[in-house]
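There are 2 protein chains.
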Amino acid sequence: MTRIHNFSAGPAVLPESVLREAQEAIWEHGGHGIGILECSHRSAQFDAVIDSARARIKRLMNLSDSQHILFLHGGARTQFFMLPMNVLRGGRATYLDTGTWAEGAAKDARRYGTVDVPFSSKATGWDHVPATLDTPPEGTVYLHYTSNNTVAGTEFHHVPDVGVPLVCDMSSDIMSRPVDGSKFQFIYAGAQKNMGPSGVTLAILEDSWLERCDKDIPEMLQYGIHVKKESMYNTPCTFGIYVIERVTAWLEGLGGLEAIDRMNQSQADRVYGEIDRTGFWHGKAQLGSRSRMNITFTTGDADLDTRFHKEAAAAGLSGLKGHRSVGGLRASIYNAQTDAAVDALVAFMGDFEARNG
Amino acid sequence: MTRIHNFSAGPAVLPESVLREAQEAIWEHGGHGIGILECSHRSAQFDAVIDSARARIKRLMNLSDSQHILFLHGGARTQFFMLPMNVLRGGRATYLDTGTWAEGAAKDARRYGTVDVPFSSKATGWDHVPATLDTPPEGTVYLHYTSNNTVAGTEFHHVPDVGVPLVCDMSSDIMSRPVDGSKFQFIYAGAQKNMGPSGVTLAILEDSWLERCDKDIPEMLQYGIHVKKESMYNTPCTFGIYVIERVTAWLEGLGGLEAIDRMNQSQADRVYGEIDRTGFWHGKAQLGSRSRMNITFTTGDADLDTRFHKEAAAAGLSGLKGHRSVGGLRASIYNAQTDAAVDALVAFMGDFEARNG
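Residue numbers (numbering that gives the first Met the number 0), protein chains in the order written: chain L, 0 to 356; chain Y, 0 to 356.
Honestly, I wouldn't trust all of these hints.
It does not matter which identical chain is used: a pair holds within one copy or between any two.
[To be verified] Here are the simulated DSSO-like cross-link-like pairs (lysine-lysine), alpha carbons at most 30 Å apart as the crow flies:
1. K228 x K309
2. K106 x K214
3. K227 x K309
4. K106 x K182
5. K227 x K121
6. K121 x K228
Please keep in mind that the hints were generated in silico from the structure rather than gathered at the bench.
Working from the sequences, and respecting the hints, build out all of it.
See below:
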């Protein structure tokens, strides 16, 4: 069966070489005579997988020895409440309101302390991220931001450095460009955009926050327990961790984040170039905030947008419908997106314009 | 590569036909041109999977129309606190202390109300489950029990019916015998023993408890939200749900729970028969409480036990070491365990006894 071009926002396209490895590993993995779905999380077979995943992530993201790499359950969304439950504890935090998920994170945080929102682009459809920020109030425990906003199609192209501990939801652009991960107090990301299948969440906690973490909450919600048990307090999503290990191996094989950065820039340039070519298409994000992962655009005519994504799907380009909350069109071109898919999209956009422009 | 005989307690052996299907589906699934890891959870492709999984579970477990079938994150362990957080709310519940996981569930419940423990076999290594129970105190919100205890190797062979709503952690024997699921107010089970890979948890909630559920907790922890959003409040573990759907299809193809019940009984009879044959081996669970899923046994000599599981592993029988908290030996023979593996185990036990008896 032929594979089509998949522009889904997540779960999303994965490297075909990793899919081939996963197919093999499901039957038998690593010479152990046991498939990767069936091996105990407390086996030498799986230890090698999770240890390698941690080592690769540490290298790729330039993490320090004092940052704990955790593989948790519950999606990034569980971190929306788990983080402030553990560390906010009646204190004050700054949240940047750059999209649906940023807003959800702030909402959960309000249960556990005071939330300042010095920036919001909600009134203009979350079409940009802040270029500059004032220093947060005295005593701010952390600044939380969402580095890439999948629904609106915006992205931070810098790390907002305002002198307080940084927390970042990197779900949809993690490892898409070089990053100094050691700058962050806490990083989290669902796997299902740039790292693997859904069902596993990467969390990276700087050791200095362990002391601050609440120890009077259920053990499954305590970062301290997961750190101490090395993500094995209960059975983790072993297959998800396996795929993350293979995807990070693929990234290292390509040449690391510098290499994927160039590929991502090139692919984004091609799609935005087509959007900007004549005026038929309109990019939804402001120029300086355009995402390289989720490209949101429209013809300006809802019916025509619908015709586009339906005709595209029929032509083997799937997942181009915008998020249901905003409509329009969206092309998700994460790390594993192929040049062939991007070229096919650009060609189809040109053809569609020729027929409808 | 040859597959060995895998007696792991979980993640555990899966049906080989399902592994073959999963291998195919990772490349391309259902004629959609997209692999199962890469398809959106909000696609017709995935809707067909999750709808079928729910329908099969409902048929197999004889669930009623008022029972909501959820696929959640976090393992069974998250249900230890999520259930009482939602429904106990200062009330009183009865917990039966039949093992490590039952004890953990009771510990979490104490955060949210009064916990009565009318039965404990902890003093004798959790070697039995209760045969009879008194009626719980007036006002008891529910009785919680663990139907199969993986560490101790005991199992309830009846449903304790004492006139209060029943809650059951069925993680390690779910769908291993006919069950009238409609009797239960709440059922939960991690997938990684009898249903699929780790990373997804089945929860079955009777509708009448929705009103009782706390609505002033983070949305990710509210059963009501997950019911309303049909397990799509955030991205679920899509691949885990896919495997559950395939495993339940395999079960229905075999003839349902009556058929697997006969197979499980036959396999357990063969292993216990060998344990009881001469007196060389000692079963750890009391006779009426023996688990058909996790068979715990010992030679009575820790060094000899170690030699057994090491020699067995070298002979291609893996995972026979007892849980690290209790030592000894354990053979996990879940639904997907093969007759060939059981025969090989029994033969190896006989051979080992001949050499060491």
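Violations among the numbered hints, reported as their numbers in ascending order = Of the numbered hints, all hold.
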